[in-house]
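**Q** Here the protein sequences come in this chain order: A and L.
Taken in order, the first sequence gives residues 41 to 152; the numbers are from our numbering.
Taken in order, the second sequence gives residues 45 to 158; the numbers are from our numbering.
Since the hints were derived computationally from the structure, they do not count as laboratory data.
The hints are all genuine.
Covered stretches of chain A (chain L as the covering partner; in silico rule of three or more C-beta atoms under 8 Å from a C-beta of chain L):
1) 66–78
2) 81–95
3) 143–151
Here are the simulated lysine-lysine pairs, PhoX-like style, with alpha carbons at most 25 Å apart:
4) K115(L) x K82(A)
5) K96(A) x K133(A)
6) K115(L) x K133(A)
7) K101(L) x K133(A)
8) K42(A) x K101(L)
9) K53(L) x K82(A)
10) K115(L) x K53(L)
11) K127(L) x K58(L)
12) K114(L) x K101(L)
13) K42(A) x K127(L)
For each residue, glycine too, the CB sits at the ideal point set by N, CA and C.
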Amino acid sequence: QKEVEQDPGPLSVPEGAIVSLNCTYSNSAFQYFMWYRQYSRKGPELLMYTYSSGNKEDGRFTAQVDKSSKYISLFIRDSQPSDSATYLCAMSKDTGRRALTFGSGTRLQVQP
Amino acid sequence: DGGITQSPKYLFRKEGQNVTLSCEQNLNHDAMYWYRQDPGQGLRLIYYSQIVNDFQKGDIAEGYSVSREKKESFPLTVTSAQKNPTAFYLCASSILGAGNQPQHFGDGTRLSIL
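Looking at chain L on its own, in the form it has when it is part of the complex (with noise of 0.2 Å):
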């Protein structure tokens, strides 16, 4: 089955520490995305990728960090530097075509601080 697979499902933080969320993805798709859903306010972009080796700010890119080393795989490390991190983070991913494909998303995984 074709999919989008994050990992852990949960998560928690002590403080200081970095920590790594997996998002993995079956469906060749080029662009892969990072979100953060917190009660009351949607989604937000964290950082997203439209091409291996290559990957841009979202909205709200502070305290995180990316990499894109194979198409399939697009981890984000919270890092010590996000002060507020308990939230719902969400991959997602779309093809890069004409127009704007829509996105498809991963169940999440949820951090929370210790």
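Okay, chain A solo, but in the shape it has when bound (with noise of 0.2 Å):
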């Protein structure tokens, strides 16, 4: 079973709507949280990075983390066709390796 688990998708959406990415978590060793936004051919950007347990909010973008669950959410309001892309969620320890372990990405399509 891998560490991180995050749904491939594709999930296609309709211009405005409110889009919901989630990933699972298995190691409760994980502190850190990020989620990164990766357009075709290109590398990941970084779009939200959380500590611990809560939300966080960046215009368009909140991230939810909920460590008790072992779950995480990125939640995008008013959805464009520029945010089409594969998202990727990302954690990683307090000490030790700082490497990030990485869901496997999901692909959103947002239709005009």
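Mind docking these for me? Both chains are given alone in their own frames, and the hints should help you get the complex.
**A** Next comes the structure, spelled out in structure tokens:
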């Protein structure tokens, strides 16, 4: 079983919809949680970065972390065709190796 | 503009050949990382380095080698021992400090077999 599970999609929504993207994880040592957006043939771009549980909002994006359920979410409000990309969740521990453990990514398509 | 530059964008390898992928950053970051991305598998860690002249194996280091002679540079060599090298290779860097700082990525090198 993978340490981080993410539904690969594709997820197709109409423009203006609220999008919910999710990841579950098994290792309770993860403390830092990130969401990256990756366009085709490009490197991942950091969208949101949170520490421990709680919510964080940045413009149309909201990240939620529920450590008790080992579940993280990214919400996109008023989705735009330019949001069409693959969204990767990533997480890391507080000590030891600082590299990230990634989900497999969810492909999102926002239809105009 | 600060950032991470990976080159070349596309690379082709012949049987038995070693190839080297370049990664340069001007962000003054201490740590650098190499990941491999295959379809449907997310990113997997190959090697990472937290300081010049020191590096550690990641989860899939077999068939790869790295060096870290300068803070700005972290080249990855894909050796002939790597039997399935076709993938998208991503280099990342981050600050080392309190907590675990987020990583920033280059735009990748796509490696294919001739």
